[in-house]
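Q: The residues making up each chain are set out below.
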Amino acid sequence: MKRRHFLGLLGAAGVSLSTGVSAKAASSADVKGLPNANGVLFDASRCIGCRKCEAACNQVNDLPKPAKPFDDLAVLEAVRRTDAKSYTVVNKYTPEAGRPPVFRKIQCNHCMEPACASACFVTAFKKMETGAVVYDPSVCVGCRYCMVACPFNIPAYEYDKALTPRVMKCTLCHPRILEGKLPGCVEACPKEALTFGKRRELLNLAWDRIGANAGRYVEHVYGEREMGGTSWLTIAPKPSFAALGMDEGLGVASAPELTSGALAAVPAVAGIWPVLLTGLYAISKRKEKIAEAEKKTAVDAAIAKASADAEAKLAEELSKAEVANKRRIEVEVKKALEAAHKEAEGGEDA
Amino acid sequence: MKNGKRRIKAVLAAAAICGLGGLTALPGGRVLANQQGSDKLRADIVTIDEMQAYGALSQPKVVFLHDKHTTALGKQKDFYKKECGACHLSDKDGKMQLGYMRGDEPMPAGKLRDTFHENCIGCHKDMAGAGQKAGPTDVQCKGCHTATPDVSSNRQPVTVDKRLHFRHAATQEKAENKCGACHHVFSEKTGRTVPAPKPEEVPGSCSYCHGETTTVVEDRQPKQIRSLRLAAHGECVTCHKATAAAGKDVAAGPVTCAGCHGPLDQKAVAETSMKKAPAGADLRIKRGQPDFAMVRPAVAEAAPMVDGKPAAPYAGMSPVPFDHKYHEAKNETCVSCHHAALTSCSARCHTPAGAREGGFVTLEAAMHKVDAGQSCAGCHATAQKKPECAGCHDAMAKGATNVSQCGSCHATPEGDLKDAVAAMMARPAGKDAAAAEAGLASKLLAGKREATATFPIDDIPQTVTIGSLAKDYEPSVLPHRKIVLSMLEGLKDSRLAGAFHATDAALCQGCHHNSPASKTPPRCGNCHPAVESTAATPRPALKAAYHSQCMGCHTAMGIDGKVVDKAPGAKPVPKATDCAGCHKEKKQ
Chain A
1 MKRRHFLGLL
11 GAAGVSLSTG
21 VSAKAASSAD
31 VKGLPNANGV
41 LFDASRCIGC
51 RKCEAACNQV
61 NDLPKPAKPF
71 DDLAVLEAVR
81 RTDAKSYTVV
91 NKYTPEAGRP
101 PVFRKIQCNH
111 CMEPACASAC
121 FVTAFKKMET
131 GAVVYDPSVC
141 VGCRYCMVAC
151 PFNIPAYEYD
161 KALTPRVMKC
171 TLCHPRILEG
181 KLPGCVEACP
191 KEALTFGKRR
201 ELLNLAWDRI
211 GANAGRYVEH
221 VYGEREMGGT
231 SWLTIAPKPS
241 FAALGMDEGL
251 GVASAPELTS
261 GALAAVPAVA
271 GIWPVLLTGL
281 YAISKRKEKI
291 AEAEKKTAVD
301 AAIAKASADA
311 EAKLAEELSK
321 AEVANKRRIE
331 VEVKKALEAA
341 HKEAEGGEDA
Chain B
1001 MKNGKRRIKA
1011 VLAAAAICGL
1021 GGLTALPGGR
1031 VLANQQGSDK
1041 LRADIVTIDE
1051 MQAYGALSQP
1061 KVVFLHDKHT
1071 TALGKQKDFY
1081 KKECGACHLS
1091 DKDGKMQLGY
1101 MRGDEPMPAG
1111 KLRDTFHENC
1121 IGCHKDMAGA
1131 GQKAGPTDVQ
1141 CKGCHTATPD
1151 VSSNRQPVTV
1161 DKRLHFRHAA
1171 TQEKAENKCG
1181 ACHHVFSEKT
1191 GRTVPAPKPE
1201 EVPGSCSYCH
1211 GETTTVVEDR
1221 QPKQIRSLRL
1231 AAHGECVTCH
1241 KATAAAGKDV
1251 AAGPVTCAGC
1261 HGPLDQKAVA
1271 ETSMKKAPAG
1281 ADLRIKRGQP
1291 DFAMVRPAVA
1301 EAAPMVDGKP
1311 AAPYAGMSPV
1321 PFDHKYHEAK
1331 NETCVSCHHA
1341 ALTSCSARCH
1351 TPAGAREGGF
1361 VTLEAAMHKV
1371 DAGQSCAGCH
1381 ATAQKKPECA
1391 GCHDAMAKGA
1401 TNVSQCGSCH
1411 ATPEGDLKDA
1421 VAAMMARPAG
1431 KDAAAAEAGL
1441 ASKLLAGKRE
1451 ATATFPIDDI
1461 PQTVTIGSLA
1471 KDYEPSVLPH
1481 RKIVLSMLEG
1491 LKDSRLAGAF
1501 HATDAALCQG
1511 CHHNSPASKT
1521 PPRCGNCHPA
1531 VESTAATPRP
1541 ALKAAYHSQC
1551 MGCHTAMGID
1561 GKVVDKAPGA
1571 KPVPKATDCA
1581 GCHKEKKQ
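Here the protein sequences line up with chains A and B, keeping their order.
Going by the working numbering, the residue at position 231 of the first sequence is 231; the numbering climbs one at a time, nothing skipped.
The working numbering runs 1000 ahead of the 1-based position in the second sequence.
So here's chain A without its partners, still in its complex pose (with noise of 0.2 Å):
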């Protein structure tokens, strides 16, 4: 293909790709369709990982037991993660070195703009009006996009079933919720370091007791604007978050915001440019196909032309020629003739 013809379908390709409809996805911390959006504020500095939520949400949502009971604390010595039979942990962690040990309680943390609703194409991941994340195992197909797309890491699976595994995460109790009951862990904690609450009033209750309490906490409510914004909130005591094993470089960008771009230019790729492109393609094809008949013919009427003159011309010449012999002919039969007359008559005279 010619260079130009290539940089013609680039160009032709990418204003294509303009005249889509782009995706717009929101990024700030109150998403404006879910006013009413419930939360979780979870206090690292009252958590004392007495791991009470953590049986409390194994009850709850009928989990099998584990192997070690929940009143067994010897299992805060190691760091663990949500699994498919838990859908929360607590962690112990210890910041400063002879200083009392800071716990995290980790779960789903029901992003505003979920990662996993984002990544799943059979819309197996809703964000309800609860502010739950909630997850249907009718639809899903098992292909475990949501956990290669979790920024926190959270969904599990359940690999352990052949025929009907699940995806295995924290429901904010969204049923529970629904009859106007607090969360499983919420009510279990008996510290009070889970609140549950409107996500608005979560995060005025946060920086409340920031600014009552100076000095002890990190200034930051993560969640706030992490990932785009989440229902579940955490204040942590100073020094840090990261301290707590928290991400505290992933943005506040929402995961759907981040690919939103690219996934807008799917329709205009996958439908418009095989139509567009072949179209060009063959349309440039079949002109060069003309061209070539064309030159084709023109080149024999050329040629025949060209015979036909040739051959014209060499009649004309051969025609010519001939007049020319036979005038030759006749001038020199009349040369004989009258010098055959000429002696006659000289003849006479003598």
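Some clues are possibly wrong.
[Said to hold, decoys possible] Non-contacting residues of chain A with respect to chain B, defined by C-beta distances greater than 12 Å in every case (computed):
1) Cys189
2) Lys313
3) Glu345
[As the list claims (entries may be wrong)] Simulated restraints, written as ranges between beta carbons of each label pair:
4) Gly1143/B <-> Ser240/A: 36 to 44 Å
5) Glu77/A <-> Asp1371/B: 32 to 40 Å
6) Gln1059/B <-> Leu10/A: 52 to 60 Å
7) Glu1212/B <-> Ala97/A: 28 to 36 Å
It should be emphasised that the hints constitute simulated quantities derived from the structure, not laboratory data.
Quick caveat: nothing in here was measured; it's all calculated off a predicted structure.
All C-beta atoms in this analysis are idealised placements derived from N, C-alpha and C, irrespective of residue type, glycine included.
The hints should help you fit chain B onto chain A, whose structure is shown.
A: Relative to chain A, chain B alone:
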């Protein structure tokens, strides 16, 4: 070139291996420098960087170990004949100059550099020539200008606390100058600094005039006010040396860097001070200060106009009577409160409206700032961090936030004291009024409690059964009287606690909070809801209220899991995760 590719690969591989080896060696040096007790942690590091004043340095700063040199030279009598004079010149008055081999006259960069190079390297060469171990003599710069010295500093700042001051003052009791031996004043008359003639005229701590850097005041003799470092070394060390030289049996202070600044040496000095100050000795730094004082704005405020007439009698915030002698006993130096001068706080700096000289810190802020150690509220807040106070105060707001507590300090005068206070406020503060104000202050402080007290023992319930929420656990039986008595025990020596816990119910309010003070406080459940609601509120529900209050106190006092009860066979305070420690589990 032939086999070019293969050769380059080999070279790169070799370079990578060498580089890795070099990298692993790097941290080793730093670790060495931080090992405690080793030769690498020193208090005598002098960083020679005077050339900085002339522009960017072309060589790393020189790390000079002062004690190492004085010790080494001390063993070489021929090189140390002039002792300090081997390196430090004296000016025409015989005063030792602290710069190396020079006075403080300004000199060009080249001359300064040569002063160092010629003298340092010259001496090293001389010693090496005499067969002694000496410092770098090579022409290579790195011998002295090393970018990564393997020593690090453990130099501690020196505080002349009351005990040290007592020991020094005792040496000057029979001397002519007394305080003037160390403390001097700038005399306007002569235009020079002269020894302070009387204790009352001592301006106070050296740090009031001698700051971080040397300052220059034009119409003053001498022009320069030396930095605290230069002043202290110039006066203290030379005096110690002179005293030691004066006689064999005279105790003299340290002359080495580590002797004053090394942490181990400082500990030894502190121990000696404890021994040398006889028991019951009056450690008070005497300057003719009053035992009592009234804390008030220095300038008499004009009375506000009320109904067209100036308001009378005095209508404003009551001044604060202050037990100055007691506070002196509780602090190590005057500088703890008088951080910039011994004059009145509010005369020029912390005026009621704020002034440039005081950094625009108003009088109110200066007295109440919680995060400043020199303010009243700030120092008290620091005292509240002690374990015996923190149990209650950790959860409470810090500082003077509760307006019903203003009266703890701003004593309301009763009866005829009212007129005395009004008359005092109408006059500006001053030396002549100080005696009268002292008398007034001691009268106003008369009723203050010396120690925390609470209701009679029989009125304090022995146990309280907390069972309104009992579901999975039995009701909890709280050893109420034991807790109250143990808190009183912890507070019995604190006059600060006594002064602020002014009523019998004050101690109860540590737990029975956010309610009117009473002998029969309201139930916790009257304000804390029994069931946690789905609406976010700052007030916890009852279960969390109980747990936060109890566990919070145990954590703040640091008694979680520890035995506090002094009775024999007492059990430790239950840890936060030990549910059964406070309430038994219900048998199913």
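Q: Now look at each hint and say whether the structure bears it out.
A: How the hints compare with the structure:
1. Consistency note on cysteine 189/A: stated as away from chain B, yet its beta-carbon is not over 12 Å from all of that chain's, at 7 Å minimum.
2. No beta-carbon of chain B is positioned within 12 Å of the beta-carbon of lysine 313/A; the least distance is around 70 Å.
3. Residue-level check passed: glutamate 345/A sits 109 Å from the nearest beta carbon of chain B, beyond 12 Å.
4. A C-beta distance of roughly 43 Å is found between glycine 1143/B and serine 240/A, which places it inside the suggested range of 36 to 44 Å.
5. Range check, glutamate 77/A to aspartate 1371/B: Cβ separation about 37 Å, and the 32 to 40 Å hint holds.
6. For glutamine 1059/B and leucine 10/A, the hinted distance range of 52 to 60 Å is satisfied, since their beta carbons lie about 58 Å from each other.
7. Take glutamate 1212/B and alanine 97/A: their Cβ atoms lie about 33 Å apart, and the range 28 to 36 Å holds.
This entry does not satisfy hint 1, going by the numbered hints stated previously; all others are met.
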